[in-house]
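Student: Assemble chain B onto chain A, guided by the hints.
Protein sequence lines, in the order shown, are assigned to chains A and B. With the first letter of the first sequence counted as 1, position 278 gets the number 278 in this note's numbering; the numbers rise by one all the way through. With the first letter of the second sequence counted as 1, position 187 gets the number 187 in this note's numbering; the numbers rise by one all the way through.
Any given hint could turn out to be false.
Below, in silico cross-link-like pairs of lysine to any residue (SDA-like), each with a Cα-Cα straight-line distance of 25 Å or less [unchecked claim]:
hint	chain 1	residue 1	chain 2	residue 2
1	A	K358	B	A234
2	A	K358	B	G364
3	A	K171	A	P458
4	B	K62	A	P458
5	B	K62	B	G364
6	A	K358	B	A276
It is worth saying that the hints were derived from the structure and are not from the lab.
Number of protein chains: 2
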Amino acid sequence: MEPTPEAYIDAHREPILARLLDFLRIPSVSTDPAHGADITAAANWVAARLREAGIMAVEVLKTAGHPVVYAEWLGAPGRPTLLVYGHYDVQPPDPLDEWRSAPFSPEIREGRIYARGASDDKGPMFIPLAVAEAFLATEGRIPVNLKFLIEGEEEIGSPHLAEFVARHADKLAADYALSADGAMWRPTEPSLTLGSRGLVALDLEIRGAHTDLHSGRHGGAVRNPLHALAELVAGLHRADGSVAVPGFYDGVEEPNEADRRQMAQLGFDEEAYRAAMGVPALYGEEGYSTLERQWYRPTLEVNGLYGGYQGVGSKTVVPSVAHAKITCRLAPGQMPDEVLRRVTDHLRIQALTGVATKVSPHAGGAPAYRINAAHPGLRLAHDVLQHLYGTEPAVVLMGGTLPISDIFHRVLGIDTIYFSFSTADEDFHAPNEFFRVSRLWEGIAAWIDFWRRASEYPLPSELEEAGNPCT
Amino acid sequence: MEPTPEAYIDAHREPILARLLDFLRIPSVSTDPAHGADITAAANWVAARLREAGIMAVEVLKTAGHPVVYAEWLGAPGRPTLLVYGHYDVQPPDPLDEWRSAPFSPEIREGRIYARGASDDKGPMFIPLAVAEAFLATEGRIPVNLKFLIEGEEEIGSPHLAEFVARHADKLAADYALSADGAMWRPTEPSLTLGSRGLVALDLEIRGAHTDLHSGRHGGAVRNPLHALAELVAGLHRADGSVAVPGFYDGVEEPNEADRRQMAQLGFDEEAYRAAMGVPALYGEEGYSTLERQWYRPTLEVNGLYGGYQGVGSKTVVPSVAHAKITCRLAPGQMPDEVLRRVTDHLRIQALTGVATKVSPHAGGAPAYRINAAHPGLRLAHDVLQHLYGTEPAVVLMGGTLPISDIFHRVLGIDTIYFSFSTADEDFHAPNEFFRVSRLWEGIAAWIDFWRRASEYPLPSELEEAGNPCT
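This is chain A alone, in the form it adopts within the complex (with noise of 0.2 Å):
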């Protein structure tokens, strides 16, 4: 038996890959009713792969949804209780004809692991299930407590875990919560993420004749549903880029003057990040940079659009209905429902002659999040950072949405610090998502140093007011 966590990994390395790429077979995509299946198998895994690791308090609970993976080892009394957060369900991997290699057959190429899911959130959350194994294989014990909820909703906004939480706040109850979501900022440093944007969404559907017509017969006598929603999607934006919705902005706090310091800390190279997205300019708002737009603004992007014939050639039909299916990203200040409500209402408002608007705000949205700098745990991953890296971890936000930040603050009173080793350029979300393989061996390590200091530490509820620990 080797005598530490770490030479566990070290001589193990091959079947924790190996075992990761299993997981990453199991295409639980969770908005799509069709990988129901899916979405149980990849919830069984992750349940059998706590249990071999050691931990025997192992459940899979339902929820109105997809079912919440719960363990907990609480054999360190007097040490920190740390809620370990991450996600078993995935993106859909469409568009299938642009991946190398196919979304739900993990392939390693150039130290990369190629597969859906591997980036967000399966590698970084496989992470914690190693290093739980790693401890107890070795020294029979963890060195801190911990509660792990693994759930299988995230990439549709985790609709149910805010009542999934409420209802079992006593068994979650922790000191903070360590998420292996969330990734860090590039791939040329560390990062300490200290806010996320929120989330609503919204389908809109317009709707003409009863069927598909003929467009020389009918063509110039019927609303086009296609032209009325293109109308209603244009009329959302305005010229200078701002969201055209009446109210969108109401609340929002503009970045001050120390957060623009902090940006500017960070070398943001916008003609290097123009280059890598491959657009011949970038564009947004006017009056913010490319940080601002992407951490402190809302924004409001029509994520699908459709109707009518998409085939090859031309069919020349005036279609039935047109859909777009629509997110907004929240700022701080902005309230979910509120931007919801005002969504709606400007589409409904408009009612075009001559076809049908439907709009179908979305449940589940989330705002945006903001941990206090201050918190301890955030200390203790920048050092764990530092030390890993022997480098002074970038301090971010986050555009993206982490529903749990919200709801564990809201429901359980605790913060949740990310600590994902997943990488924000590795194309979740899109085509050829990816997970660097070095990433998951430092990970590992990290986590282990984290577990390991934790009760090094104050608990935040022993934090006196304190300045913040990262700048």
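Tutor: Frame of chain A; chain B shown alone:
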């Protein structure tokens, strides 16, 4: 043996109908290269049917696209020669889930044959084949000279037909064309069609980033191609419903007083039409009636719009690319190439920041067409219809496009009489396309009568300036 073609038809209704259903089982979708073998099968089916009818000179002739079936029966010296036109190709059947029975498994319900192509144009096109058989099986001869030209590219705008007709101009020489394509106006009375609108097509593509992006990480910092597409599409029309492309209406001829009188005589019920379309209100270019919008005014219609996620739930991407498929119906006075150039220029000139716009005009546009109202073939069609239905045929125009009428006029110097027995309400180009079984038998009776009486009427070449035979 039956003594007359009519008696022959009466005695063979069952096998005739069965043969048409066989024809409808061939999924000869011309726009989709995946259906290449089906196109060949349909062409061969038509050729075989002509040979079985007793016409020996049958050829399947190559074009740069799909083949043309050509056949001739020239055993009536001194009598008129008619160029019989039809097409064996069909529109794509999607959206498939809206069909009550499968599009290529014809089903007869309540006197209607449901199948893709039943009405456009396999049902009507099948009629002259059956009539030729009936004449040859009973009288051993046909009372006129016939040349059949049955093409396979009508549904994609007959892009290779002009070249084909020019190459075979000598072979195709005729007194006038008799088209089995070009639906009657409504099911309540027969109608004569004096003209049709033209057609041009183009594709619009907007590209942003090199791949789909996570809308959290990148949203707000790059231009969303779906927003750009919506903006361009919304800008194609003005608030008054007119097309906003500069110069689009150049040369368009307004309906004159006689045209308006003729329309008024039809007693078109806009409210009944609105209810039949299932729309809350009719909508179109201000200052024109519904019939004027359908017959006299050019249109620009988006037939398909797509990009990003189209599945269940949501997927938070800023897509890489967005598409629109666009066609314009043309009025007399508009030149297809000129309209295509103007729309293309209008889209290209806007060059939105942050995205790349690509406009791809399709080859093979067709101008609008008007027949000389004094054409003797029109008088003959009028008399045949009046005799068959016991009522005065309505005089109408067609909103759709039949590129052949312009091609025949331009290349062969002959006019085209539309003599189809489909009806414009038969949902062609839409789900649940159907053809009325009663119209099959009426059409056969009418074509028998037309061919039989063709020599009683002057040839167009003998025509002096005469009054409109139809008013």
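Student: A separate judgement is required for each hint: does it hold in the structure or not?
Tutor: Going through the hints against the structure:
no.: 1; hint: A:K358 - B:A234; result: holds (19 Å)
no.: 2; hint: A:K358 - B:G364; result: violated (38 Å)
no.: 3; hint: A:K171 - A:P458; result: holds (22 Å)
no.: 4; hint: B:K62 - A:P458; result: violated (84 Å)
no.: 5; hint: B:K62 - B:G364; result: holds (17 Å)
no.: 6; hint: A:K358 - B:A276; result: holds (21 Å)
Violated hints, listed in ascending order, are 2, 4; each of the other numbered hints is respected by the structure.
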